[in-house]
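S.K.: Go by the hints and put chain B onto chain A.
The chain contents come next:
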Amino acid sequence: MSGLLRSELLKQRTTRTSLWLPAWMAGLILLVVLLHVFSLSFEQIASSDGQLKVVGWGTSIGALFASLLGAMSITAEIRHGTIRPTFLATPRRARVIAAKLRACAITGAAIGLFAQALSAGVEAAGLAVRGIHIELGAGDYVQLLAGGAGAAAMFAAIGVGVGALIRSQVGAVVGLCVWVLLIETTLIGNAPSAGRFAPGASAGAIAGAVQTQSASKLLAPALGVLLLAGYAVAAATAGAIATTSRDVD
Amino acid sequence: MSGPPSSTSIVGVHDDDRQSVLDRPGSDQAPATGPGEPVVSARGLSKRYGDAFALEDVSFALDAGTITGFLGPNGAGKTTTLRLLLGLAQPTAGQALVFARRYEELEHPAHRVGAVLESGDFDPGRSGRNHLRALALATGISYARVEQLLELVELQAAAHRPVRTYSLGMRQRLGLAGALLGDPELLLLDEPANGLDPAGVHWLRGFLCQFAASGRTVLISSHVLAEVAQTVEQVLIIDRGRLIATVRLDELADGASSLEDRYLELTTRDRP
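Protein chains in written order, with the numbering used here: chain A, 1 to 249; chain B, 1 to 272.
One chain only, chain A, in its complex shape (with noise of 0.2 Å):
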């Protein structure tokens, strides 16, 4: 591993609002699931696509996080003017930024893994306690856990281009926030010919479902990788440019 990698790693780790956000990750995923499972009818949730709506809550949180920790990687070095002495050690800036877009897919995907695995879990004893009956197989649980991970790595590094390119803490967070929880819920529930082309429709084609919808409004698995890659790629070039040629104050 490289020196840059462990360094942005153990800035990751040593970081308070890093460290804060798995926590408030797991409280609103244990509150949306909860919340689902016990106010949807019998015949929502009865089937297996109702409950794969349901724990398609845990791809766009766990993207939606991975993506927060992304941006914080940078938006909270510009903040607290750490930026100036890890320039300084790496002057070669888009060194910088591919170490933090390699460190944050590292913790992005495990932060996806983990939100995936924690709204399945809180489904399944949500279902236990109802009497309803797990309609979801070894196949779906699969491809949640490992779609779950892979959709929240792409998303962190949307998330370090997002702040490499807004630079505001509060900016950068809170345009994640509603673009995954606003605009994306509105452009699929509303526009889902269009709308699953969206970065979070593809992280829920790759996972198998996002919040409140399931594979049939879906792109194919493989499309939402190539698109979502697409996307984290567009993000963090255009963050590596925008951070490489202006100065830092």
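Treat the hints as calculated values from the structure; they're not laboratory data. Backbone N, C-alpha and C fix where the C-beta goes; we use that ideal spot for every residue, glycine too. Just so you know, not all the hints are guaranteed correct.
Simulated restraints, written as ranges between beta carbons of each label pair [claimed, not checked]:
#, chain 1, residue 1, chain 2, residue 2, range
1, B, R161, A, I132, 47 to 53 Å
2, B, D197, A, S245, 37 to 43 Å
3, B, E105, A, A242, 19 to 25 Å
4, A, R130, B, G140, 56 to 62 Å
5, B, D197, A, L181, 36 to 42 Å
6, A, G3, B, E151, 19 to 25 Å
7, B, R164, A, A191, 45 to 51 Å
8, A, T244, B, D197, 56 to 62 Å
Residues from chain A shown here face chain B by an in silico Cβ test under 8 Å; the list is partial [what the hints assert, rightly or not]:
#, residue
9, L4
10, S7
11, A76
12, R84
13, P85
14, F87
15, P91
16, A94
17, T212
18, A215
19, S216
20, D247
Listing some non-contacts, in silico: residues in chain A with all C-beta distances to chain B over 12 Å [as the list claims (entries may be wrong)]:
#, residue
21, G139
22, V142
23, L187
M.R.: Positioned in the frame of chain A, the structure of chain B alone reads:
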């Protein structure tokens, strides 16, 4: 700072001492500057923000082994000059070179140049030790070296604490430790005495003199003349983005007091 630490010999002139205390992974590279070539040089350096010049046509050169003060009122362009020298910002015109290259072209910058820009460049939740370790990992420097520097700046006892619990003086010392990680040949310090108590200022002065005595170079910016007058050999006086004088202290009749007259005369004229 409680007093001058015993370990100031870390930059002593004796090669044997230095070799035993310092690891210098970068020292095997060929020197980028030939003999007599300036360690720092600014040539026609300008930086414009919108319509306003933060810096206009500034030129100077610093030789190896010198301590130079960079004096000017707040907002005169001192920090801008340092940022340009360190590649954090790009000049509108002119060149800012260290060891005859742009900073980003240096092979192992941490082993050539150390800089302390502002006392606030820390993550408040990260410990002093982890701040230094993150820099050490990025520059291929050992954790043992981190401990040496914590000892040098007397932060061992506080090293595990988050930086938000540090006093301003402790942050300055942590910043200095970060700058010294790679055992650099050039130190650029922006207002380093801010927040240091008198013993700390005294220690810093002694440290810088030893640093320069071993053939290395220091540029120290300040808006407080008294902080640098006893340490430096020459001063660059900058005001409203322009270099208005270069003064060698040994050429002044009675040193510090006549420097103060010069400084005030130069930086207060033409003001409303």
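S.K.: Each hint needs a verdict: does it hold in this structure or not?
M.R.: Now the hints, each set against the structure:
1. At about 51 Å, the beta-carbon gap between R161/B and I132/A stays in the expected band of 47 to 53 Å.
2. In this structure, D197/B and S245/A meet the distance hint of 37 to 43 Å, their C-beta atoms being roughly 42 Å apart.
3. Between E105/B and A242/A the C-beta distance comes to about 21 Å, which sits within the given range of 19 to 25 Å.
4. One distance hint, 56 to 62 Å for the beta-carbon pair R130/A and G140/B, holds here, with the actual separation near 57 Å.
5. A hinted range of 36 to 42 Å is violated for the C-beta pair D197/B and L181/A, which are about 51 Å apart.
6. Taking 19 to 25 Å as the suggested C-beta distance range, the pair G3/A and E151/B conforms, at roughly 23 Å.
7. In this structure the supplied range 45 to 51 Å holds for R164/B paired with A191/A, their Cβ-Cβ distance being about 47 Å.
8. Range check, T244/A to D197/B: Cβ separation about 41 Å, and the 56 to 62 Å hint is violated.
9. Nearest Cβ of chain B to the Cβ of L4/A: about 5 Å, under the 8 Å cut. The hint holds.
10. At a threshold of 8 Å, the smallest CB-CB gap from S7/A to chain B is about 4 Å, leaving the interface hint in force.
11. Against a cut-off of 8 Å between C-beta atoms, the interface hint on A76/A holds, since the closest Cβ of chain B lies about 7 Å away.
12. At about 5 Å, the closest approach between the beta carbon of R84/A and any beta carbon in chain B falls short of 8 Å, and the interface hint on this residue holds.
13. Using the Cβ-Cβ criterion of 8 Å, the hint placing P85/A at the interface with chain B is satisfied: the shortest such distance is roughly 6 Å.
14. A distance limit of 8 Å between C-beta atoms decides the matter here; for F87/A the minimum to chain B is near 6 Å, and the interface restraint holds.
15. Taking 8 Å as the C-beta contact cut-off toward chain B, the hint placing P91/A at the interface holds, the least distance being around 4 Å.
16. About 11 Å separates the beta-carbon of A94/A from the nearest beta-carbon of chain B, more than 8 Å, and the hint is not met.
17. At about 36 Å, the closest approach between the beta carbon of T212/A and any beta carbon in chain B exceeds 8 Å, and the interface hint on this residue is violated.
18. With a least beta-carbon distance of about 42 Å to chain B, the hint placing A215/A at the interface is violated under the 8 Å criterion.
19. Given hint, S216/A at the interface with chain B, is violated; its Cβ is 45 Å from that chain's nearest Cβ, farther than 8 Å.
20. The interface hint given for D247/A holds, since its Cβ lies 4 Å from the closest Cβ of chain B, which is under the 8 Å cut-off.
21. For G139/A, the requirement that its beta carbon stay farther than 12 Å from each beta carbon of chain B is met, with the minimum near 41 Å.
22. With a least beta-carbon separation of about 36 Å from chain B, V142/A lies farther than 12 Å from that chain, consistent with its non-interface assignment.
23. Annotated as non-interface, L187/A keeps its C-beta farther than 12 Å from every C-beta of chain B; the closest such distance is 36 Å.
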